[in-house]
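Quick mapping for you: the protein sequence lines, in order, are chains A and B. Just so you know, we're using numbering that gives the first Met the number 0 here: the first sequence kicks off at 0 and counts up by one. Just so you know, we're using numbering that gives the first Met the number 0 here: the second sequence kicks off at 0 and counts up by one.
It should be emphasised that the hints constitute simulated quantities derived from the structure, not laboratory data. Each residue gets a CB set at the ideal place from its N, CA and C atoms; glycine is no exception. Keep in mind that a hint or two might mislead.
Examples of chain B residues lying across from chain A (beta carbon under 8 Å, computed) [as the list claims (entries may be wrong)]:
| hint | residue |
| --- | --- |
| 1 | Ile69 |
| 2 | Arg78 |
| 3 | Ile91 |
| 4 | Thr94 |
| 5 | Gly109 |
| 6 | Leu141 |
Heads up, simulated DSBU-like pairs for lysine-lysine below, C-alpha to C-alpha not over 30 Å straight-line [what the hints assert, rightly or not]:
| hint | chain 1 | residue 1 | chain 2 | residue 2 |
| --- | --- | --- | --- | --- |
| 7 | A | Lys172 | A | Lys222 |
| 8 | A | Lys163 | A | Lys2 |
| 9 | A | Lys151 | B | Lys180 |
| 10 | A | Lys151 | B | Lys172 |
| 11 | A | Lys180 | A | Lys42 |
| 12 | A | Lys180 | A | Lys222 |
| 13 | A | Lys163 | B | Lys151 |
| 14 | B | Lys180 | B | Lys2 |
| 15 | A | Lys42 | B | Lys151 |
| 16 | B | Lys151 | A | Lys172 |
Spelled out from the first residue to the last, the chains are:
Protein chains: 2
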Amino acid sequence: MGKKRAVVLLSGGLDSTTCMAVAQSEGCELFPISFRYGQRHAKELIAARAVADYYNCERHLVIETNMEDIGGSALTDHRIDLPVGDLERTEIPATYVPARNLIFLSYALGYAEVLGAAEIYIGVNALDYSGYPDCRPEFIRLFQQVADYTTKAAVEEGRRIIIKTPLIGLTKKEIVQLGQKLQAPFHLTTSCYAGGPEACGRCDSCLLRLRGFAEAGVVDPIKYARRPE
Amino acid sequence: MGKKRAVVLLSGGLDSTTCMAVAQSEGCELFPISFRYGQRHAKELIAARAVADYYNCERHLVIETNMEDIGGSALTDHRIDLPVGDLERTEIPATYVPARNLIFLSYALGYAEVLGAAEIYIGVNALDYSGYPDCRPEFIRLFQQVADYTTKAAVEEGRRIIIKTPLIGLTKKEIVQLGQKLQAPFHLTTSCYAGGPEACGRCDSCLLRLRGFAEAGVVDPIKYARRPE
């Protein structure tokens, strides 16, 4: 009998790459899924592919979709400015993409069903995150409920597909420590919203990442145009 | 103040077109959303566009996505045969597309949020349907729960987006009667899975439609290659 299969939502960033490492350490055969959804830059897809190759995945599914035609986010609409990093703000920032995690998990569920996978890994994180509602534990719990009523696998065969969120209770520091312990290929990842040749070091995502590495006492191996003092 | 806005999932078939008529009769400004998801034929998108034009919609959003790369359905994979119509079968048929309604509703939710729409209409139907799990009331109820935890609109402003299923408790006969009363443009619709120049009259979808019209005592205005005796 082969390994159990797992679909892993892979953006090419720190969190999803650590999820790949966790899923592998738990004995899964990895089936990463990524999305070209009209985001500002393709750099994260190049990173995702590199991570998938690093783990020798049989297949890396890339879903193509024009989510930018829905609009409403600085990540998919160039007319909306990217917010400059401010980790203390309390409102949901302009980088929020309406229903993104719901859409991504829905595709992952269909893919898991076709593959016969028992698990979907998603690197959501409710502590050090950007304030998006669809990263919270309650969102995942409710998605699990709807998943259990959606698939033919669950309805006809009682075969549930479980949403696994190994990072949900971790700080960014702890994610870096976990990834390092599991030898996640941090050098292949990218987290920057701006998507330049080097990470900007200024957006929310860069700030969160750099703070996590600093607190973990680990050197972030990727290049930055600017590192905070 | 303008009319309230509603997103309507529009496939160009009998049910979703009747949903357009219902939403209009309830005073909504209609924002139809359709999907080019690797289905066998584009005929339903042509029908959807004609229905959107009939209702003078300001915009008809077509989401493009390679769901066929997920596979697992006769509707998106030409290597899987379309089942010949059998309305008495009990298992879920090969035309089931894994997680399709979940994916479609998730996009509709993001779109509704961006538009400031308060409602999403979907023409699911739990009586005369093809046995898909994601057409059942419980699925819709659970999706509503997750929707209430997903959007920035709901989380920050308490502005819920309601999933409306006006056809869920109707038979096909009653749907035909409702659509006729509301002058839904049945002549523009298509329901056939096969997608030929005329409806095949043999697939599940044609059989359900024809039975509905016959029981309602209404003549189906579209052309069929063959009508059952």
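So, going through the hints one by one against the coordinates:
{"no.": "1", "hint": "Ile69", "in the structure": "holds (5 Å)"}
{"no.": "2", "hint": "Arg78", "in the structure": "violated (13 Å)"}
{"no.": "3", "hint": "Ile91", "in the structure": "holds (5 Å)"}
{"no.": "4", "hint": "Thr94", "in the structure": "violated (11 Å)"}
{"no.": "5", "hint": "Gly109", "in the structure": "holds (3 Å)"}
{"no.": "6", "hint": "Leu141", "in the structure": "holds (4 Å)"}
{"no.": "7", "hint": "Lys172(A) / Lys222(A)", "in the structure": "holds (19 Å)"}
{"no.": "8", "hint": "Lys163(A) / Lys2(A)", "in the structure": "holds (17 Å)"}
{"no.": "9", "hint": "Lys151(A) / Lys180(B)", "in the structure": "violated (35 Å)"}
{"no.": "10", "hint": "Lys151(A) / Lys172(B)", "in the structure": "holds (27 Å)"}
{"no.": "11", "hint": "Lys180(A) / Lys42(A)", "in the structure": "holds (26 Å)"}
{"no.": "12", "hint": "Lys180(A) / Lys222(A)", "in the structure": "holds (22 Å)"}
{"no.": "13", "hint": "Lys163(A) / Lys151(B)", "in the structure": "holds (23 Å)"}
{"no.": "14", "hint": "Lys180(B) / Lys2(B)", "in the structure": "holds (22 Å)"}
{"no.": "15", "hint": "Lys42(A) / Lys151(B)", "in the structure": "holds (27 Å)"}
{"no.": "16", "hint": "Lys151(B) / Lys172(A)", "in the structure": "holds (27 Å)"}
In summary, the structure is inconsistent with hints 2, 4, 9 from the numbered list given earlier, while agreeing with the others.
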